[in-house]
Amino acid sequence: MAHLGLEHVAAGYVEGIDILGNITLEVKPGSITGVIGPNGAGKSTLLKTIFGFLHPRRGSISFDGRPINALAPFEIKRLGISYVPQGANIFPQLTVEENLQLGGWVIRRDGARVAERLESAYAAFPRLREKRRRRATTLSGGEAKMLSLAKELVTEPTLLLVDEPSAGLAPRIVEQVYAQLLTVRDQGVTILLVDQNINKAVQVSDYLYMIERGEVRRQGTRHDFADQLHAIVRDALLGA
Amino acid sequence: MDAEAVSATASGDLVLETRGLTKRFGGLVAVDGLSMAVPRGQIRGLIGPNGSGKTTTVNVLSGLYRPDGGEIHLCGQRTDRLRPHQITACGVARTFQISKLFGHMTVLENVLLPALAALDRGSRRPLAEIRERGRRLLDFVTLDRMRHAQARELSGGQSMLVQIARALMVQPLHVILMDEPFAGVHPTIRDIIMEAILRMNREESVTFLIVSHEMAELRRLCQRVTVMDDGRRIAEGTLEEVANDPVVLEAYLGT
Chain A
2 MAHLGLEHVA
12 AGYVEGIDIL
22 GNITLEVKPG
32 SITGVIGPNG
42 AGKSTLLKTI
52 FGFLHPRRGS
62 ISFDGRPINA
72 LAPFEIKRLG
82 ISYVPQGANI
92 FPQLTVEENL
102 QLGGWVIRRD
112 GARVAERLES
122 AYAAFPRLRE
132 KRRRRATTLS
142 GGEAKMLSLA
152 KELVTEPTLL
162 LVDEPSAGLA
172 PRIVEQVYAQ
182 LLTVRDQGVT
192 ILLVDQNINK
202 AVQVSDYLYM
212 IERGEVRRQG
222 TRHDFADQLH
232 AIVRDALLGA
Chain B
8 MDAEAVSATA
18 SGDLVLETRG
28 LTKRFGGLVA
38 VDGLSMAVPR
48 GQIRGLIGPN
58 GSGKTTTVNV
68 LSGLYRPDGG
78 EIHLCGQRTD
88 RLRPHQITAC
98 GVARTFQISK
108 LFGHMTVLEN
118 VLLPALAALD
128 RGSRRPLAEI
138 RERGRRLLDF
148 VTLDRMRHAQ
158 ARELSGGQSM
168 LVQIARALMV
178 QPLHVILMDE
188 PFAGVHPTIR
198 DIIMEAILRM
208 NREESVTFLI
218 VSHEMAELRR
228 LCQRVTVMDD
238 GRRIAEGTLE
248 EVANDPVVLE
258 AYLGT
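Heads up: the sequence lines are chains A and B, in that order. With my numbering as the guide, the letters of the first sequence map in order to residues 2 to 241. With my numbering as the guide, the letters of the second sequence map in order to residues 8 to 262.
Hints were generated in silico from the structure; no laboratory data involved. Among the hints, erroneous ones may be present.
Just some of the chain B residues that point at chain A, by a computed CB distance under 8 Å [what the hints assert, rightly or not]: (1) R128; (2) M222; (3) E248.
Computed footprint of chain A on chain B; a stretch qualifies when at least three of its residues, placed anywhere within it, have a C-beta under 8 Å from a C-beta of chain A [unchecked claim]: (4) 47 to 59; (5) 188 to 199; (6) 249 to 256.
Here are a few chain B residues that sit away from chain A, every Cβ distance over 10 Å (derived from the structure) [to be verified]: (7) T29; (8) R226; (9) L260.
Just so you know, even glycine gets a beta-carbon here, dropped at the ideal spot from N, CA and C.
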C-alpha cells in the first residue's frame, strides 16, 4: 500500500512568497490522513504541490520510496496517485460514461481493463449507472461530486488526494461523500484529505495535521484532536 | 475631525445599520435576517466560516446586489434601494478581494476615478485639489513612484493598496467596506494596509467594516467583530469574547 512523505517542503506561486513554508508530513499506507487549517493556510497548495502542478522550492516529496518532486502531473498519475480537486472536476458536456472513460485515459489502450473498471465504478455508485448516458451537466451537485470521485478511481490509484469534499454540498450528500471515502480507504486506497470541515475531518481521519500559514502547528491521532477541537478553533480565532 | 463628527461620536450615532437584511440566490438564503449596527468611528470586523455570507453582505451594502428583504441605513440615509454610485455618493467606499482596477489605465488614473466620476455628476471639487489628494494618497500607500504604471502591472498586494487609495478618494467619506484586504498579500504590504486603516480612522474618523480571515490583523485593528454563520449573525463582541463563545466555535468546526 502507498506511502507518501514530505520533508521540509516549501512552495508558492509568486517569486519570494512561500505559501508552504516548511511542511513535513507522512501519510501512512491504508490510512486517511486529514489536513485542517484556516483559510489561506496552504491546504489546497499542499495537494497541488504533491500532484506536480507546483514544484517544491525546497524540501522533498517521496512516494513509495522514490522522489517525485520534479515529475509532471501525468507522470504522478501513472505512479498511482489521483487528485480530486474542490467542486466538480468533470466535463459537463460529456456523458457520465465518457467522463469515466476520460478518467481512465492513461489506461485507455487496455479496453478490457477500462470496461472492468467502469463496471466497478457503477457498482460503487449505482446512481451513475442509471445516468450513464446523460450529460454530466444534468447531474445534481452531489452526483457531480460522486462522478469526479469515481472518475479518479478508474485508474485504481493507491493514493487519493482529496480537496474539500464537502464544499457546497447539502448535509445529507456530505454524509454520503465521507462514507464513500471510508469505503475507498477500506478497499486499501490511502487517502490524504484536506478539509475546512474540522468535525468531519476528525471523524474520518486516522491521523491529522493542522497547518497554518504554511507550517505544521499540530499533529496527532483523531483522538488527540477530538479532545482539543474547541482549543484549536479558539487559538485560530485569536491568531495565536 | 470636524465639529459635526465629534458631536456624532459623543452621541454614539450609527453610521451603518441593517435590520433583517436578507439576500437569496434561488433556494439559497445567503444573508438571512441580518441585523447589525456600527457606530461612527469604529473599525468593525466581519468574520465567519467559508460560505457564511460575509461577502454577500458587503455586496448588498455597497449596492451590487439588491436585497430581498430588510433595511440598510448608511450615514443616516436609507440605501437599500439605491444604486452603487448613489451609495458611494452617500460617503460609502469599498474594496474588493479580487482587484477591480482598470488594468489599462494608470495607477494614478485609477485613484482619481471616483473624484472624476463625481465631477461628471456635478460635483464642484477643484481639479487641482483632486490631483493633489490623489498624489498624496498614492504617496500614503507607498506607490507614488508607480503612478504612471499601468494597473495591470501591479502585484496583488500593490493592487490592494491602489484600491484603498481609490476608496480614500471618495468625498465625503464616512465608511469603507473591505473584503479580505489581507488575503494573499505580502506581510510588508499588510503592515502598510493596517497603517492606512488606523490612520484614516484616527485622522479622518472613517468607519471601517472589514471582512477577513486574518485574525492576527483583525485583533490589532478591530474593537469589535460580528460573527456570521449560515447568513445569520451568531455573535458579536471583542475577538476574545467571540473566540470563547461555544456557538462560534461550533460554527467554525462545521457540521
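Status of the hints after comparison with the structure:
no. : hint       : result
1   : R128       : 38 Å, violated
2   : M222       : 4 Å, holds
3   : E248       : 11 Å, violated
4   : 47 to 59   : holds (count 4)
5   : 188 to 199 : holds (count 3)
6   : 249 to 256 : holds (count 6)
7   : T29        : 20 Å, holds
8   : R226       : 5 Å, violated
9   : L260       : 5 Å, violated
Comparing the model with each numbered hint stated earlier shows that hints 1, 3, 8 and 9 do not hold.
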